[in-house]
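Between the sequences and the hints, there should be enough to build the whole structure, so can you do that?
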Amino acid sequence: MSKIINAFTNGKAFIPFITCGYPDLQTTEKTVREMVKNGASLIELGIPFSDPTAEGVVIQEANLKALQGGVTTEKVFDLVKNLRRDIKIPLIFMTYANVIFGYGAEKFISTCAEIGIDGIILPDLPFEEKEEFLPICRKYGVDLISMIAPTSENRIAKISRDAEGFLYIVSSLGVTGVRSEIKTDLAPMIKIVRDNTKVPCAIGFGISTPKQAFEMSQLADGVIVGSAIIKILAKYGKDSAPYVGEYVKEMVQAIS
Amino acid sequence: MTNPKGRFGIFGGQYIPETLMNAVIELEAAYEKYKCDENFNAELEKLFNEYAGRPSRLYFAAKMSRDLGGAKIYLKREDLNHTGSHKINNVLGQALLAKKMGKTRLIAETGAGQHGVATATAAALLNMECVVFMGEEDTKRQALNVYRMKLLGADVVPIKSGTATLKDAVSEAFREWTRRIADTHYCLGSVMGPHPFPTIVRDFQSVISREIKSQTLSAENKLPDYVIACVGGGSNAIGSFWHFINDKDVKLIGCEAAGRGIDTFETAATISTGRTGIFHGMKSYFCQDKFGGIAPVYSISAGLDYPGIGPEHAHLHDIKRAEYVPITDDEAVQAFEYLSRTEGIIPAIESAHAVAYAKKIAPNLSADKIIVITLSGRGDKDCASIARYRGENINE
Chain A
3 MSKIINAFTN GKAFIPFITC GYPDLQTTEK TVREMVKNGA SLIELGIPFS
53 DPTAEGVVIQ EANLKALQGG VTTEKVFDLV KNLRRDIKIP LIFMTYANVI
103 FGYGAEKFIS TCAEIGIDGI ILPDLPFEEK EEFLPICRKY GVDLISMIAP
153 TSENRIAKIS RDAEGFLYIV SSLGVTGVRS EIKTDLAPMI KIVRDNTKVP
203 CAIGFGISTP KQAFEMSQLA DGVIVGSAII KILAKYGKDS APYVGEYVKE
253 MVQAIS
Chain B
2 MTNPKGRFGI FGGQYIPETL MNAVIELEAA YEKYKCDENF NAELEKLFNE
52 YAGRPSRLYF AAKMSRDLGG AKIYLKREDL NHTGSHKINN VLGQALLAKK
102 MGKTRLIAET GAGQHGVATA TAAALLNMEC VVFMGEEDTK RQALNVYRMK
152 LLGADVVPIK SGTATLKDAV SEAFREWTRR IADTHYCLGS VMGPHPFPTI
202 VRDFQSVISR EIKSQTLSAE NKLPDYVIAC VGGGSNAIGS FWHFINDKDV
252 KLIGCEAAGR GIDTFETAAT ISTGRTGIFH GMKSYFCQDK FGGIAPVYSI
302 SAGLDYPGIG PEHAHLHDIK RAEYVPITDD EAVQAFEYLS RTEGIIPAIE
352 SAHAVAYAKK IAPNLSADKI IVITLSGRGD KDCASIARYR GENINE
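Line by line, the protein sequences are chains A and B.
Take the first sequence: its position 194, counted from the start at 1, is 196 in this note's numbering, and no numbers get skipped.
Take the second sequence: its position 225, counted from the start at 1, is 226 in this note's numbering, and no numbers get skipped.
Any given hint could turn out to be false.
[To be verified] Which chain A residues face chain B? A few, computed with CB under 7 Å, are given here:
(1) T55
(2) T75
(3) V101
(4) P128
(5) E130
(6) G176
(7) V177
Calculated from the structure, these hints are not laboratory results.
For each residue, glycine too, the CB sits at the ideal point set by N, CA and C.
In structure tokens form, the structure reads like this:
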């Protein structure tokens with residue numbers, strides 16, 4: 003079992019997402035440290051991809067800007083090495099299948115294990131295709147995180163049974179992005195999850211306010227926030243770290 | 002073992018967000034149910050024949066054959082279909098299937114606008130809502146088609162993200178589908194994307210090769226020696242190849258858009274310059290950088306301006322059953338003008354890529370050889386951009 007479980011042993015987990023290299027890697031490094039300082043339990047590091055098909059406009063833009071700034075997978079690996087000098091909480095990568103495939107799956111995943119990445123989330127790798135990377139992930143002890151969506155229905159049980167690390171519950175239809183309300187009836191979905199696995203679950207997509215975070219934390223073991231953080235980075239650019247830190251603190255308090 | 006579903010060799014698969022999985026599973030089940038359903042097929046055939054104008058002609062291009070002085074050249078006139086291209090074959094099939102599934106809304110991506118126009122047409126005919134996603138760059142290159150789609154009652158959404166061309170329109174159509182699934186069918190325009198799309202689209206387009214086969218047999222009492230078609234995603238090509246795949250003596254040739262040349266970065270020739278990757282729901286060949294980033298591609302033809310190719314083509318290439326050749330903008334434009342002057346037929350700039358390759362090989366073949374070129378679409382939509390290419394400004 004990976005270290006990911008550690009993120010869920012101290013009450014509800016707050017899981018912030020950040021696109022690496024937006025607006026630059028120094029800012030990412032500073033911001034991640036602020037996240038940790040302010041109580042983040044696990045951090046999702048996004049490796050930018052040219053065509054992030056599961057993202058809304060906010061994170062699409064961040065991906066594009068990061069790539070224009072010259073960020074590459076190897077530079078993100080270096081970032082993780084720097085972070086791992088002192089950061090102990092679980093870190094996972096969130097990216098797209100071709101970022102791993104194009105780099106060479108074995109080379110990518112073995113590097114993850116070497117530099118201290120605990121898991122990988124790939125929104126374009128559903129249950130049916132996970133064998134693409136799962137054997138290599140197993141070999142190197144990196145968790146391949148599964149997702150469950152509002153449309154999963156009869157698939158929830160089988161996805162849950164095979165889940166490792168944690169389960170990413172997609173709160174709403176559509177792509178990532180801030181939503182004023184989350185309409186999906188998540189409780190029955192999560193009941194099926196609970197009946198089929200002991201692996202913790204966290205809800206993401208559309209969450210931005212402390213109130214939403216609190217509501218979601220009543221249902222699940224953790225809350226994932228992405229676009230709301232990227233919006234802060236879009237607003238404050240290189241000076242974002244303290245603002246993101248403040249936001250993380252507020253969200254952590256809301257779910258504690 | 003990776004998922005064997007929807008595989009062509011190692012290619013294909015279903016690399017899509019979990020949100021869409023039940024939608025493609027539902028689509029596959031519906032297709033399995035209806036593809037052998039007599040009523041469905043009768044209804045589709047009636048639409049093909051009476052609405053789309055099938056079968057399309059196989060025209061013997063006597064002047065062109067004489068002029069090139071080698072093989073006999075036939076043109077498969079998909080340009081004469083209703084809406085002016087082969088796209089209508091697939092769209093009528095998918096729209097009818099969607100209707101049977103109880104869907105009331107079609108969404109589609111389009112590059113040159115041909116697939117968008119065909120989808121808007123089918124939506125109008127079958128009383129469905131229609132939204133078409135089109136790269137902003139392409140809405141400028143193909144303004145006439147944008148107007149046609151609106152006239153047919155569709156909403157056209159210009160896409161500004163990425164390179165603002167076909168791949169970005171596909172990405173946006175997938176995003177829209179994850180937002181709204183219950184009443185919406187994504188009417189994908191080519192033999193690409195996740196299973197079951199490459200199979201469904203191929204089956205609906207395979208009418209092209211079924212007709213070519215019987216038409217060549219009745220005209221020449223033998224099969225063609227070459228079948229040549231242009232390839233972006235590859236729907237008209239797979240449609241032209243399908244019924245010949247087991248006829249090993251028939252050479253199958255796909256013409257990719259080389260743009261300014263395969264030794265430049267301004268190209269869309271996926272087989273010539275790409276490598277295996279995973280994108281837009283499928284494993285196939287893609288133009289990409291060393292970190293797996295999808296490369297910006299370029300072609301004068303908006304319909305071929307795509308960084309990938311359908312997975313079945315990737316497989317046909319790997320097993321060497323079909324050959325894929327690059328054709329530059331220059332060669333395509335010359336062929337566009339050549340066919341217009343020689344035969345009085347203005348081909349789509351996409352199809353002109355296939356004409357260009359035939360021009361290269363025909364003179365070296367003997368008179369008993371038969372080449373069939375699929376003219377996937379008509380070229381009216383391209384006149385303004387070809388004029389611009391030649392430094393002439395015309396008011397559309």
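Evaluated hints:
At a threshold of 7 Å, the smallest CB-CB gap from T55/A to chain B is about 5 Å, leaving the interface hint in force. Annotation: T75/A was flagged as interfacial toward chain B, and the flag holds, the nearest CB pair being 5 Å apart, inside 7 Å. Taking 7 Å as the C-beta contact cut-off toward chain B, the hint placing V101/A at the interface holds, the least distance being around 5 Å. For the restraint placing P128/A at the interface with chain B, the shortest Cβ-Cβ distance is roughly 5 Å, inside the 7 Å limit, so the hint holds.
Checking E130/A against chain B: minimum C-beta separation of about 5 Å stays under 7 Å; hint holds. Because the smallest distance between the Cβ of G176/A and any Cβ of chain B comes to about 4 Å, under 7 Å, the interface hint for this residue holds. Hint status for V177/A: holds, given a least beta-carbon distance of 5 Å to chain B, under 7 Å.
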